[in-house]
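One-letter residues, chain by chain:
Protein chains: 4
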Amino acid sequence: MTLRIVATGGTFDKHYNELTGVLGFSDSHLPAVIARTRMTVPVELDVLPLLDSLDMQDADRARVLAACQRAQENAIVIIHGTDTMRETAAVLGAANLGKTIVLTGAMIPYEIANSDALFNLGVAVGVAQVLPAGVYVAMNGQVFPWDNVQKNKTAGVFQTL
Amino acid sequence: MTLRIVATGGTFDKHYNELTGVLGFSDSHLPAVIARTRMTVPVELDVLPLLDSLDMQDADRARVLAACQRAQENAIVIIHGTDTMRETAAVLGAANLGKTIVLTGAMIPYEIANSDALFNLGVAVGVAQVLPAGVYVAMNGQVFPWDNVQKNKTAGVFQTL
Amino acid sequence: MTLRIVATGGTFDKHYNELTGVLGFSDSHLPAVIARTRMTVPVELDVLPLLDSLDMQDADRARVLAACQRAQENAIVIIHGTDTMRETAAVLGAANLGKTIVLTGAMIPYEIANSDALFNLGVAVGVAQVLPAGVYVAMNGQVFPWDNVQKNKTAGVFQTL
Amino acid sequence: MTLRIVATGGTFDKHYNELTGVLGFSDSHLPAVIARTRMTVPVELDVLPLLDSLDMQDADRARVLAACQRAQENAIVIIHGTDTMRETAAVLGAANLGKTIVLTGAMIPYEIANSDALFNLGVAVGVAQVLPAGVYVAMNGQVFPWDNVQKNKTAGVFQTL
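Protein chains in written order, with the working numbering: chain P, 1 to 161; chain R, 162 to 322; chain Y, 323 to 483; chain C, 484 to 644.
Rather than coming from a laboratory, the hints here were simulated on the basis of the structure.
Here the structure is a predicted model, which means the values were calculated and not measured.
In this text, a Cβ means the ideal position worked out from N, Cα and C, and glycines have one as well.
Fair warning: there could be bad hints in the mix.
Claimed, not checked - DEER-style ranges, computed between Cβ atoms:
1. P/T154 / C/N597: 27 to 35 Å
2. C/N597 / Y/T482: 34 to 42 Å
3. P/Q57 / Y/V363: 51 to 59 Å
4. R/V291 / Y/L341: 22 to 30 Å
Next comes chain P alone, as it looks inside the complex (with noise of 0.2 Å):
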């Protein structure tokens, strides 16, 4: 089993700017995030642009499937905002590549006290060497097949449709 991590941004991997005050992208948090977690399973990151989910386009969607086809493994880990993880699911899903896919994400910045992102990184990363192919969404402890899943934006969590 090899495992590869697709960093696209969103509030996972968002950093706290202090000469402007705004909490945007820098360089992604994901390796030093791997190396805190000690994963010895061998892992593959990939650092695509990084996108609050709010922006991000249909080509930037494509580029996201288009890394999940030239991977040579079987699990893919996708951080991405959680904004419109759903719709990146969606893309992904429909693409039926045969592989197991799981986006994830974080309610609070991993840089931020009491972040979500350490816990929805390793609930992403064991699911996905254990489930069946297919596209899944992992937030809140919880794991949704890509095409029964939605943000409660009230709430500010994950549930079936």
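Use these hints to put chains R, Y and C onto chain P, whose structure you have.
Just chains R, Y and C, lined up with the frame of chain P:
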């Protein structure tokens, strides 16, 4: 799906006592950790006596087994010290409970910088919900069957026999 | 010696709202921060409306001045946004209150990784107890008189004029 | 003004060794801590052998004294274990070096949640620049003269004699 988490101590749950300078046990961190994960799957928490797993005796393992036996839930995550995780897993595996039981822990306590605790919990919570009945150890981002796992104490990682 | 801490918001006290994704204000972190410092000098805390200092108007500065005037304590630390810390310091300096007033803040919010907030508070608490009456700004490990300090916004540091 | 920081170990600088499970010493955290403070006052760092202050012998205190004697700076902060901070302060106080020397430390290691280390360093750095020559202990947000301070081990706080 409902999940039961059984806290037994171990490095994951150690607490620094500022009066004595000793890393030992106080209240479990699990209630705060569970809140932080924003899990929406219903979770029941059993806090057993918190022990360094090197101090675990047969009676302590019997208590863990009893907690699994009386649990209503079919998915159980056990927070355990790493040094004898394998021994407790063997007791549970031999009991053949027909439930999915995943043991996990941490190399660095939850309250210490760079801890793997939250990640490991994520892996365990994720796979406990999707693996078939059986007893597993989830460490280093991998899932091991209870009868094919050991801690490599020199390297500080879990591996197959 | 008794100490008064006046919270007015600023980067120090910003909070990430996970529902909106906005770094704004909620309850002040100061009660938790003060507990964490293990200060034994008696501390009184005034939580004024929490504001980004770019949003501070004359009326807001008047409120800070009033808090200093009515304080029984001769040592006062004010938690303030960095962008207009100098302007509030000037209002307090001109008022000539005969107390030792130290303004401080943070370049990174207290709840974000690598924050300077706790260090800056330490500097301010320390010097507020030993400097003669006057108004000072404590940032970057230095103490500046209120009438000889500016924020270099390009470098993100405080310096003399 | 230039500042010298002398690291001697103590709880402040303890590091959790994940292979042995022991809180001991490895590389000093001080370089990272100093970067985090965003101090603009020039700082020189002396990392002496890192010790639990209960293990400090006369020769170790003589080494701290020598570091203070050879320092070009008139403001010196010493990071020290709390249990014998007073003893080292007495050695330095008796030497009458004509410099402002402030000893500080922590009740909780820098790398453990809820640590007071960064705050204490702030207090020490602040007052080291404004107090007259002499030897002081800065803990619990207070500054004590070297000959009127003791650690109350039951309460875990510093107080006058």
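Checked hints:
Our hint of 27 to 35 Å for P/T154 and C/N597 holds, since their Cβ atoms are close to 33 Å apart. Distance hint check: the CB atoms of C/N597 and Y/T482 are about 35 Å apart, consistent with the given range 34 to 42 Å. At roughly 56 Å, the beta-carbon separation of P/Q57 and Y/V363 lies within the given 51 to 59 Å, and the hint holds. With their beta carbons about 29 Å apart, R/V291 and Y/L341 fall inside the hinted range of 22 to 30 Å.
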